[in-house]
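Residue numbers (UniProt numbering), protein chains in the order written: chain A, 1 to 504; chain X, 1 to 504.
By construction, these hints were calculated from the structure, which means they are not laboratory data. Do not rely on the hints blindly, as some may be mistaken.
You can't tell identical chains apart in this list, so a pair holds if it fits in one copy or across any two.
Simulated pairs of lysine-lysine, DSS-like, Cα-Cα distance not exceeding 25 Å [claimed, not checked]:
1. K138 x K98
2. K501 x K122
3. K160 x K501
4. K192 x K502
5. K497 x K13
6. K192 x K497
7. K122 x K98
8. K413 x K13
9. K192 x K292
10. K122 x K502
11. K164 x K413
12. K501 x K189
13. K189 x K357
14. K429 x K413
15. K443 x K192
16. K502 x K189
17. K122 x K503
18. K503 x K292
19. K501 x K192
20. K192 x K160
21. K59 x K164
22. K432 x K357
23. K497 x K189
24. K413 x K473
There are 2 protein chains.
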Amino acid sequence: MFESAEIGHVIDKDTFEAEVPALREALLEAQFELQQQGRFPVIVLINGIEGAGKGETVKLLNEWMDPRLIEVRTFDQQTDEELARPPAWRYWRMLPAKGRMGIFFGNWYSQMLQGRVHGEIKDPRLDQAIAGAERLEKMLCDEGALIFKFWFHLSKKQMKARLKGLKDDPLHSWRISPLDWQQSQTYDKFVKYGERVLRRTSRDYAPWHVIEGMDSCYRSLTVGRILLDGLRQALDRSKIKPQKVNVAPLPALDGQITLLDSLDMTRRLDKADYEEQLITEQARFAGLLRDKRMRQHALVAVFEGNDAAGKGGAIRRVAAALDPRQYSIVPIAAPTEEERAHPYMWRFWRHIPARGKFTMFDRSWYGRVLVERVEGFCSQADWLRAYGEINDFEEQIADAGVVVVKFWLAIDKETQLERFQEREEIPFKRFKITEDDWRNRDKWDAYRAAVCDMVDRTSTEISPWTLVEANDKRWARVKVLRTLNQALEAAFERTAKQARKKKR
Amino acid sequence: MFESAEIGHVIDKDTFEAEVPALREALLEAQFELQQQGRFPVIVLINGIEGAGKGETVKLLNEWMDPRLIEVRTFDQQTDEELARPPAWRYWRMLPAKGRMGIFFGNWYSQMLQGRVHGEIKDPRLDQAIAGAERLEKMLCDEGALIFKFWFHLSKKQMKARLKGLKDDPLHSWRISPLDWQQSQTYDKFVKYGERVLRRTSRDYAPWHVIEGMDSCYRSLTVGRILLDGLRQALDRSKIKPQKVNVAPLPALDGQITLLDSLDMTRRLDKADYEEQLITEQARFAGLLRDKRMRQHALVAVFEGNDAAGKGGAIRRVAAALDPRQYSIVPIAAPTEEERAHPYMWRFWRHIPARGKFTMFDRSWYGRVLVERVEGFCSQADWLRAYGEINDFEEQIADAGVVVVKFWLAIDKETQLERFQEREEIPFKRFKITEDDWRNRDKWDAYRAAVCDMVDRTSTEISPWTLVEANDKRWARVKVLRTLNQALEAAFERTAKQARKKKR
Chain A
1 MFESAEIGHV IDKDTFEAEV PALREALLEA QFELQQQGRF PVIVLINGIE GAGKGETVKL
61 LNEWMDPRLI EVRTFDQQTD EELARPPAWR YWRMLPAKGR MGIFFGNWYS QMLQGRVHGE
121 IKDPRLDQAI AGAERLEKML CDEGALIFKF WFHLSKKQMK ARLKGLKDDP LHSWRISPLD
181 WQQSQTYDKF VKYGERVLRR TSRDYAPWHV IEGMDSCYRS LTVGRILLDG LRQALDRSKI
241 KPQKVNVAPL PALDGQITLL DSLDMTRRLD KADYEEQLIT EQARFAGLLR DKRMRQHALV
301 AVFEGNDAAG KGGAIRRVAA ALDPRQYSIV PIAAPTEEER AHPYMWRFWR HIPARGKFTM
361 FDRSWYGRVL VERVEGFCSQ ADWLRAYGEI NDFEEQIADA GVVVVKFWLA IDKETQLERF
421 QEREEIPFKR FKITEDDWRN RDKWDAYRAA VCDMVDRTST EISPWTLVEA NDKRWARVKV
481 LRTLNQALEA AFERTAKQAR KKKR
Chain X
1 MFESAEIGHV IDKDTFEAEV PALREALLEA QFELQQQGRF PVIVLINGIE GAGKGETVKL
61 LNEWMDPRLI EVRTFDQQTD EELARPPAWR YWRMLPAKGR MGIFFGNWYS QMLQGRVHGE
121 IKDPRLDQAI AGAERLEKML CDEGALIFKF WFHLSKKQMK ARLKGLKDDP LHSWRISPLD
181 WQQSQTYDKF VKYGERVLRR TSRDYAPWHV IEGMDSCYRS LTVGRILLDG LRQALDRSKI
241 KPQKVNVAPL PALDGQITLL DSLDMTRRLD KADYEEQLIT EQARFAGLLR DKRMRQHALV
301 AVFEGNDAAG KGGAIRRVAA ALDPRQYSIV PIAAPTEEER AHPYMWRFWR HIPARGKFTM
361 FDRSWYGRVL VERVEGFCSQ ADWLRAYGEI NDFEEQIADA GVVVVKFWLA IDKETQLERF
421 QEREEIPFKR FKITEDDWRN RDKWDAYRAA VCDMVDRTST EISPWTLVEA NDKRWARVKV
481 LRTLNQALEA AFERTAKQAR KKKR
């Protein structure tokens with residue numbers, strides 16, 4: 001895999017200087033078109049052997065191109081902000097928007113390679129990390145991103161020679177110090193595991209390019225040409241969405257009973273019970289959020305439901321238990337321009353709370369498989385794909401200690417009609433009802449099918465759905481609070497158990 | 001994920017009987033069309049809880065449909081044949097051809113689930129198996145296969161009730177006996193790990209369908225409907241090949257030096273040296289193949305090279321060292337009809353040698369990235385995808401102890417011309433030269449680029465390419481034999497080292 005990058009590729013200075021002006025011009029033009037089209041982001045991953053010219057090459061690219069359209073990201077030590085969140089968060093927040101180019105130094109590959117080379121993880125964990133990287137890149141490509149993966153290579157002999165010259169340069173002591181690399185063991189391991197990583201993750205949609213790093217003219221020109229070829233090809237291609245040949249569709253419900261039908265919609269609480277239980281659960285909740293065990297967790301509550309099912313009221317009752325500094329509410333509506341310029345899940349990743357924090361999503365990432373599916377705002381391929389991406393997302397945040405509680409507030413069709421009419425009659429409620437609401441109501445059955453598929457495909461042990469019978473608002477609000485409390489207590493218990501296990 | 005399959009779905013006998021005739025007819029028709037079109041195979045994976053009606057449902061499907069077009073495969077204990085080969089071999093050889101339907105009981109998912117439930121593997125290994133399954137299914141779908149994945153489910157209570165009735169039925173004592181399932185721990189673990197597997201592998205191109213198994217009318221009708229919907233949709237879809245929006249192309253070589261250029265083509269052996277070295281290496285090779293350490297390995301040698309580079313002659317010199325019962329030679333030409341009806345890699349999987357055996361491939365799976373790429377016999381998407389699939393394939397067989405040695409026999413353009421002319425002049429060699437050879441020669445540069453990309457992307461630690469300077473046939477033959485010997489010795493040494501490590 002690295003043989004070609006050890007044979008001593010050289011481009012002489014004259015050839016280099018003769019070719020650079022045209023290449024620069026073409027790259028600048030491509031960059032400009034990329035911005036104009038605004039159709040996809042470009043992600044450039046920089047990995048490889050220390051001393052192989054990674055930094056110099058990127059520096060040169062920035063000189064050749066318009067640096068205002070390039071974001072160079074270095075992922076060094078994790079910041080406090082990053083340490084408090086799931087590992088992938090640091091990459092998500094740095095993703096370039098459509099029309100822009102992001103160069104990632106020290107990306108997910110560096111992390112897994114460092115871990116394996118230094119023996120912090122073994123092969124099975126490395127393979128888990130590799131599978132995670134594959135999923136992430138597949139998703140980014142499915143969302144249209146153009147990914148370049150460069151591995152800068154040197155033979156062992158070349159590397160030793162280069163390091164001699166570089167070891168006093170502070171720019172090159174990042175992560176693995178040159179001193180460390182001087183040991184041939186480090187080189188051998190890095191190349192060995194590097195090959196495993198490249199072999200597994202060089203896929204048709206995002207292949208690796210191995211660049212021999214010895215000669216600066218060669219490596220710069222080669223990287224420049226590959227970038228230009230790839231950019232041009234992507235820019236010139238028409239906007240065909242990939243279409244899968246053979247996918248079994250989800251089965252139609254055909255009047256079968258569903259989880260929604262199995263709900264007992266007559267559940268209710270009288271006023272006295274409600275007030276007592278609400279206060280109890282609110283107090284319990286406030287206590288749990290202040291509990292010191294909360295420092296190892298974060299809490300995310302997702303509120304989805306029929307129009308007029310009482311999401312807002314439920315959220316207010318949860319919030320009422322807390323100091324406003326303890327939580328944040330993220331209302332999800334149509335995406336902003338900035339959000340549209342990123343992969344779908346980006347707008348949610350940016351709101352993932354830090355450890356100890358609590359975020360309520362008023363509508364959420366499930367929009368893709370609900371409103372976007374029903375209204376045809378995205379293709380079938382997109383929403384079918386979303387189930388897997390959502391499960392991956394929730395698994396990643398759950399692994400980092402985030403407790404995810406998801407509510408579907410369900411009302412029946414009659415109750416909705418009553419509430420709509422009430423809203424139209426009561427002046428201060430009139431802002432809450434629009435033509436859209438009536439239109440959505442016409443698609444009641446389509447939404448019902450979407451909800452059932454959603455629950456079937458995304459209610460998981462790590463993040464189950466809670467269906468809330470919401471014809472009675474009191475019942476619904478208490479159930480929401482109680483579920484949150486139970487979820488937190490269960491999470492605290494699980495963590496304590498794991499800690500006890502570790503001690504033994 | 002399983003909630004919907006625990007709410008007690010029932011379809012009454014009358015509804016069932018009223019609907020079955022039309023469903024059967026439609027299924028038969030779809031089956032017939034599937035065969036007529038012969039465009040894609042259908043793979044049905046059957047998994048889930050013991051006692052949930054997996055067997056009965058498949059039995060019924062066979063009654064409803066034309067069983068001549070359905071292959072039901074049960075993967076029980078591995079046979080001797082299977083144990084002697086890489087784990088995936090048993091599935092590959094059972095893959096249905098295009099136009100046919102294969103129902104796989106006890107497939108790759110059963111294996112990983114059993115292993116995890118019984119504690120033979122831990123989570124990281126389970127995740128490795130999951131990633132392997134994802135790769136396999138992605139590849140099958142990319143090659144056009146339609147995959148249905150059914151999980152038959154029962155709640156714990158339902159399962160216990162069913163098992164009571166079933167425990168004396170020998171049909172249901174397969175793998176996990178009902179007695180084992182009576183322990184609620186088995187159920188809990190199976191569901192827990194089942195959910196992890198479903199969550200990770202339910203992808204847009206091959207989603208899982210969870211079927212509640214309690215009521216036989218419900219489960220049969222539901223499975224039948226899903227199959228019909230999926231079949232119809234795939235049959236009616238026009239033959240659009242999926243096209244990736246954004247893939248960076250491989251860089252053009254543009255006169256850069258390559259591995260091929262770095263070969264010293266003047267290498268040669270005089271007759272006396274040749275004869276001595278050839279005999280030495282042949283004897284060494286014969287000894288190694290008879291060595292008892294060979295029982296843990298198999299040997300695969302791949303011969304690729306320029307036309308007239310001397311593949312046949314080299315293969316003959318290797319074979320000459322052996323008893324004809326010790327090896328087999330697989331010449332790869334244009335695919336047969338049967339081979340065309342399967343995924344590309346199928347034709348090679350079927351020839352993977354059992355442990356202790358040796359197979360030489362005269363041309364190989366690299367045809368896709370060489371002749372098929374250059375001649376346009378497959379799409380760019382196909383050959384770009386092939387690098388990853390080939391690496392996966394070689395990794396799987398290497399993990400099972402197969403030593404893979406790959407030769408590219410390289411000659412220069414002048415030597416080829418001389419040999420072509422010689423072939424035309426010498427009567428008994430005339431059959432070896434065709435118009436095709438001359439045509440290929442015109443594409444010398446395109447082949448050269450394809451070879452370089454191939455070596456760069458598939459020469460790996462576990463299965464490196466050996467470039468053979470073949471202008472001198474003597475030199476080439478000795479180098480081939482010596483490389484085989486070194487590869488076997490290194491493999492024996494590695495295995496011994498691992499055994500020592502294990503002992504400690």
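For each hint, the structure was consulted:
With identical chains, the CA atoms of K138 and K98 are at most 25 Å apart within one copy only, with a shortest distance of 17 Å there and 27 Å across copies. In this assembly of identical chains, the alpha carbons of K501 and K122 lie at most 25 Å apart whether taken from the same copy (21 Å) or from different copies (16 Å). Taking the shortest Cα distances, K160 and K501 never come within 25 Å of each other, neither inside one copy (45 Å) nor across copies (31 Å). Within a single copy, K192 and K502 get their C-alpha atoms only as close as 32 Å, which misses the 25 Å cut-off; across copies the closest is 22 Å, which meets it.
For the identical chains of this complex, K497 and K13 are neighbours neither inside a copy (64 Å) nor across copies (49 Å), given an alpha-carbon limit of 25 Å. Taking identical chains as interchangeable, the C-alpha atoms of K192 and K497 lie at most 25 Å apart only when they sit on different chains, with a minimum of 18 Å there against 37 Å within one chain. With identical chains, the CA atoms of K122 and K98 are never at most 25 Å apart, being 37 Å at best within one copy and 41 Å at best between copies. In this homomeric assembly, K413 and K13 never come within 25 Å of each other (Cα to Cα): the closest approach is 76 Å inside a single copy and 30 Å across copies.
Taking the shortest alpha-carbon separations for K192 and K292, neither the intra-copy value of 44 Å nor the inter-copy value of 29 Å comes in at or below 25 Å. In this assembly of identical chains, the alpha carbons of K122 and K502 lie at most 25 Å apart whether taken from the same copy (19 Å) or from different copies (16 Å). Taking the closest pair of Cα atoms, K164 and K413 never come within 25 Å of each other, the shortest separation being 76 Å inside a single copy and 42 Å across copies. In the homo-oligomer, the alpha carbons of K501 and K189 lie at most 25 Å apart only across protomers (19 Å), although the nearest pairing inside one protomer, at 32 Å, exceeds that limit.
With identical chains, the CA atoms of K189 and K357 are never at most 25 Å apart, being 40 Å at best within one copy and 32 Å at best between copies. In this assembly of identical chains, the alpha carbons of K429 and K413 lie at most 25 Å apart only when taken from the same copy (19 Å versus 84 Å across copies). In the homo-oligomer, the alpha carbons of K443 and K192 never lie at most 25 Å apart, since the shortest distance is 56 Å inside one protomer and 35 Å across protomers. Proximity of K502 to K189 under the C-alpha cut-off of 25 Å is restricted to the inter-copy arrangement: shortest distance 21 Å between copies versus 30 Å within a copy.
For a Cα distance limit of 25 Å, the shortest separation of K122 from K503 qualifies both inside one copy, at 22 Å, and across copies, at 20 Å. Only within a single protomer do K503 and K292 lie at most 25 Å apart by alpha-carbon distance; the minimum there is 20 Å, versus 47 Å between protomers. Taking the shortest alpha-carbon separations for K501 and K192, only the inter-copy value of 20 Å comes in at or below 25 Å, while the best intra-copy value is 34 Å. Only within a single protomer do K192 and K160 lie at most 25 Å apart by alpha-carbon distance; the minimum there is 17 Å, versus 50 Å between protomers.
In this homomeric assembly, K59 and K164 come within 25 Å of each other (Cα to Cα) only inside a single copy, at 21 Å, whereas the closest approach across copies is 71 Å. Taking the shortest alpha-carbon separations for K432 and K357, neither the intra-copy value of 29 Å nor the inter-copy value of 75 Å comes in at or below 25 Å. For the homomeric pair K497 and K189, the shortest alpha-carbon distance between copies (18 Å) is at most 25 Å, but the shortest distance inside one copy (36 Å) is not. In this homomeric assembly, K413 and K473 come within 25 Å of each other (Cα to Cα) only inside a single copy, at 15 Å, whereas the closest approach across copies is 83 Å.
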